[in-house]
Every structure is written in structure tokens, then in C-alpha cells.
Amino acid sequence: MANNLYEITVYSENQVGLLSFIANTFTRRSINIESLRVFPSEIPGVHKFTIKSRTTEEQILQVVKQIEKKVDVHKAFYYVDDERHVREIEAVQALIDSRMEENR
Amino acid sequence: MSGADILLQSLIDQGIDTIFGYPGGSIMPVYDRLYDYGDRLRHILVRHEQGAIHAAQGYARAKHFPGAVIVTSGPGATNVITGIADAMIDSTPLVVITGQVGANLLGTDAFQETDVIGLTGPITKWNYQIRRPEDVAWAVARAFYIAKSGRPGPVVLDFAKNAQTGMAEYKKEQCSFIRSYDPYPEVKLADIAKAADMINASKRPLIVYGQGIILGNAEKELLSVIEKADIPAGSTLLGLSGIPSDCPNYLGMVGMHGNIAPNVMTQKCDLLIAVGMRFDDRVTGKTDEYAKQAKIIHIDIDAAEINKNVKVDLGIIGDAKTVLPRIEALLEKKDHSEWKKVAAKCREIEEEKVIGPECRPGKGYINMGEVVETVAEVTKDSAIIITDVGENQMIGARYSRYNQTRSMITSGGLGTMGFGLPAAIGAKIGAPERPVCLFVGDGGLQMTIQELGTIMQEHTGVKIVLLNNNWLGNVRLWQELFFNERYSFTRMLNPEYKLIADAYGISYKVVNRREDLRAAVEEMFADDKPYLLNVEVEEKGMVFPMVPPGKSVSEIMLNKKDWLEYGE
Ligand SMILES: Cc1ncc(C[n+]2csc(CCOP(=O)(O)OP(=O)(O)O)c2C)c(N)n1
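For the record, the sequence lines run as chains A and B.
For the first sequence, the residue numbers in the working numbering are 1 to 104.
For the second sequence, the residue numbers in the working numbering are 1 to 568.
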């Protein structure tokens, strides 16, 4: 499978150790991280990571699933090259709302 | 209350009555308080922290409830790392509390400070450093919820000393919701219908189930599916005992040293239904060729397992206990006797070529298989079987029989030598009403042999069967088959085990003649006291059948010379 430049975005709670967990998820599969940024998202208390990495779609799917599996992670998305990020915030907010709703 | 008190009270509120642990400087405030909790919390003092964590694993798996471990910082914490990794890969619920230096000393390389959060991050389901007494109750409640729910796993709470001694108000906490965490995903009805259609249309269906069945309490639900649609079923190593061994559609174990029938049928079925398992490479052999001819349905609670190792036609993310009955409701009654003839033929071959020679050789040294079969006979298949790792594990798994669930406890994913003895102690403490029998090699026993001290102190009625071959047997086996019989550092000089057993006050017998075996096993199970039975077995015993590494699961060695020839 061909290597592409992927951008992964992760929405999570603000938990110690998540940054290294997310970085590990890549390095464990010997995928290089080209860039990584962490900042608060528009949802209060929710952090956003963006990671750029050159790898295959197969690998990136595994990485995204492993990251999403972490208890404090809401959701992860991935894009090829400069594909536009579509309505991530809405999707994450809807996910949180639906889980809160179910729990009620 | 002090943070230490809140911890202990919170553990009690979570239903914990037993703790496996070992004290030290950074956890002393907790141990000091524990002294006054003797009526509510039983503390098992192990001889090494690795013993504590494996004992907690055995306890958790026998009792179906999280195991609790308390150790000190630094070396105490690093000594539990192997067990945490083992629990992670085998989905065992544990709550591990490690002492930590005071928050003001964090990051200063203080005495016995180590970065437990950093070290355990990749091998825990969740970890958290408690730095304030106010956070203790919350953290413990959350820890238990995470450890138990969804796909279970180990959780570490790194407990800073100032939070142990600091005071806070205690309020009972329960956790049943975390907004970023979805342990029981909603199952799509369309997928249920699709799965049922696929099963109804199948001429040669095969079920392969794993520990998810046991962890999810879905034993009955699985059996109903098997019976209604008449589907033959094989188990992974960790799924063993999920359905009783005498179930007519039960095919035995899959994988490298599994039974012939489920491996051959994997390559002949038209539909493979995988439930609560994760397609480990010891199960699949060469993945490119695994069940290539078949459609595959994969049911698992962990979304990350779907399409991870094997690409499937239908992935259902959900709890086996909810998914299976919904599928069953849509299943047609079937009779697959024609297809099951394959199993009968495989069994016949295995009986003649493998099981007979292993379990009824009649002459020569005692084989490991004979010992395991004798235990099954004497205990009437009722014991909890614990194994260590190596030949003892594969033979123990192959020749034990199970008449109830949660009867097989072994280190599957990590393959941790030294797991067996402490895990057996934990299992006996978790299920005191059941006989607990450990099969262990001379290598693995000596990895955690210090736990005989725990048995002595706690009077834990573990039956230890040492399958003594004077080799690191499983490695020797690979050297014989794949490394030109170059036995590089696998020969092992053994101590006089009688003196060791005597030193710990544990009953002991050595057996090296076939005719003495049964009486010795009967004597061992005559009471509920600890016992070490040293069976001097064939030194160069082998484990067959074997799917050699890199082969597809129907390429099976029956012995050193013969390969399975099944035909079409
Ligand atoms: C901690 C650890 N170290 C090394 C190994 C590799 N290993 C797997 S099986 C085995 C030999 C086990 O020998 P023994 O305990 O005597 O059991 P046997 O195979 O003879 O039954 C070894 C060294 C392992 N699984 N775990």
C-alpha cells in the first residue's frame, strides 16, 4: 500500500499521559510523526491533538482505533493530504451529548 | 479521614475483601491504617511483588471480580510491571495501587521515585496519579468502573504519599459513566440480521470463541447458538472451559498446539463465526491463508480488534451476552451432521497419532499428557486448572477437561513464565470451594518459587504438579525441531525439591514410575492442603500436534516425521 501524508486529529479529556500515549501509538508501529500540536478545542475541557504522519491507510486506521480505545479519548479522525476537516467539533459534541443522553 | 483511610474504605465500598500486597516506605501510611482493617480486609503478604500481581490475576479470573494489589513505589512498582502487561493483553480486571513519593518531590529523583504513570501508560487500560486526598474516592470509583466494564483490564493508581497522609472528607463515590468512554456500544440491528442470514445460509459453519465468552458471562448464550444451529465450535487457549468439554459440538482448542479438528475445519468451513477472540498469531498461523475460503463474522466488544489481524466480512462491535441471543432468535434449526463428519475423522487421526502415544504409551518414562489426564480423571474434570508457560501449559490445556466455566487460568498473550504458582494461590483464595491444580515446569516454578512462603503462611490449598523434565522444555523442543538440536543453555540442574517442600512444610511426593502415578494424584487430592507432586517425566517430551510457525493452520505436524494428510 502506498504511503500518504495523513493528518490525524484527536479530541480528548485533558489527562496527564495522553500525549505520550498518542505518540507511542505511532512509534510502536514505527510510524514517524512529522508534526504534532496540542491545544484546547472549542468544546470546554476538551483538548485537540493534530498529528501529521506519512504512512499507509491500513496503518493509520489501526492507529486511530487504538487511540479511540483509550478511556479519555472522545474521538479521532484522519485525513489524507490536505483534505478538509469536516464538522469535527459538531461530531464530537454530538457524541458527548448522545452519551450523556443515554446515561440519563 | 486520611487519604489512606479513604482508599481502604473505598476499596471496601467497591466490594474488595482481599488485597495482595507488599509494604514499603512510600505506602506505609496505607499499611499503617490497614492494620486496623483486619476484620474487613484480608491482606495476603506475598514474597515478591510479581507474586502479588499474578496472584491478583488468578484471583480475578477465578472469582470474576477485580483483583486488588498494593505495593510501594520504585522497585515495588517496577516489580509489578510484568503482571500488569500480562493482565492488559489477557483482559484481566485489576486495580493496582502503587505508593509514590510526596507530590513536592515528584520529578526530583527522590528516593524510590519512578515514573509509574509513564511506565504503565502503554500497559494499562487507565492510570492516574492521586496527588490530593480529596481525589482518592473519585479515583478509586473510576478505577473499578474502568477495570470491570467493557473489555476489562488493569488500572494503576499512583498514590502520592502526601495524599495518603492528608485529610479530606469521605463521601462514598460510585462511577457508572465517563463521557469519553463507551464500554457497551449499541449493536446495529441490521448487523444482527445480516449475521443470522449468513449463518442460516451456511453449509459448513464454524464457531471459534475466546475469553470474551467468559469475561462477558455469555457461556449459556453461546451454547444456545451452538445447539440451535448445530454449529461445531473450537476454543482459543483463553476461551477454554467456556463451554463444557463434553458438549457434543465442542471441537477442542484451536491454534499452534490445538486440536486437529478445529484447525482443519477453519480451512474447510464456509463461514467462520469468531466470538470474543482477537485472532492472535498463535491462533491463526499464517494470516494470509487463514480461513481464506470462508466468510468471516467477528463479534467483539473492542472495536479496535475488528479487522486488526484478519479482515472480516462482518464485524459486530458488542457484548457477546447481548449480541448472541439476538442472533439466535433469528436462527433456523439446523442439522450439520454431514459437515461434522470432518471433526470425527480428525479426532480419529489425532487419537491414533497423537493422543494415544502421549497419554497411553504403556512403556518408557511418564509423559506429561498422562499426568494431566490422570488429574482430570481423579478430579472428575472439576478442578480449576492453572498452568505456567511452556510445554506444561500446552499439554495442560490440551488434556484437561472442564465441566464448568472459569476453570482454565493461564498466561496467554504474554506467555509469562512464573505466572503459574502465584496465579494458583490467587485462584484458590478467590474460589476456595474448588480444587485448584497447577501444572508447572521446573523452569517456571523456579521463577516465582518464593511464593511457597505465601502458601505456607496462608495455608493455601494449592495442588502443584511439577512436570519435571530437567530442561527449559518448550525452548528445547524448538531447538530440536528448528535449530538442529543445538541445545543452547536449556539444560537445567534442579534442586532437591523434597528439601524445598519440607522447608515450607508442604506435603511432597516424587513419582517416576507409571504404576505409582494414579495413587499419588489421588493422595494429593484426598484433602484440601497444599501439595507438591514432583513427576519426573520424559526429558525430551514433545507437544504435538503442531502448526509450525509461518504455516497455515491445516499444515500440521503429528510427530517428528509425519504431517497430517487429510485429503479433500
Ligand atoms: C519470563 C519468561 N522468560 C522466558 C520465556 C521463554 N520460554 C518460553 S517456554 C520456556 C521454557 C519453559 O521451561 P519449563 O518452565 O521447564 O517448562 P516446560 O516447557 O519444560 O514444561 C521459556 C524459557 C518466557 N515465556 N517467559
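Since the hints were made in silico from the structure, they are not lab data.
Please read these numbers as outputs of a predicted model, since none were measured by experiment.
Errors might be hidden in some of the hints.
[Stated by the list, open to error] Partial list, computed: chain B residues near chain A (C-beta under 8 angstroms):
id	residue
1	GLY121
2	PRO122
3	CYS175
4	PHE177
5	ILE178
6	ARG179
7	ASP182
Glycine included, each C-beta is placed from N, C-alpha and C at the ideal position.
Practice task
Verify the interface restraint on PRO122 of chain B: the C-beta must sit less than 8 angstroms from at least one C-beta of chain A.
Solution key: Cβ of PRO122 of chain B sits 6 angstroms from chain A, so the hint holds.
Exercise for the section: Go through the hint on ILE178 of chain B and say holds or violated, using the shortest Cβ distance to chain A against 8 angstroms. Expected result: holds, 6 angstroms
Exercise for the section: Double-check ASP182 of chain B for me: the hint is only fine if its C-beta lies closer than 8 angstroms to a C-beta in chain A. Expected result: holds, 6 angstroms
Practice task
Could you check if ARG179 of chain B really has its C-beta closer than 8 angstroms to a C-beta on chain A?
Solution key: Holds. Min distance 5 angstroms.
Problem - Supplied contact hint for GLY121 of chain B, tested at 8 angstroms Cβ to chain A - result: holds, 5 angstroms
Practice task
For the hint on CYS175 of chain B, just tell me whether its beta-carbon gets within less than 8 angstroms of chain A.
Solution key: violated, 11 angstroms
Handout entry: Given hint PHE177 of chain B near chain A, where the shortest CB pair must fall under 8 angstroms
Key = holds, 4 angstroms
Taken one by one, the earlier hints fail for this structure only at number 3.
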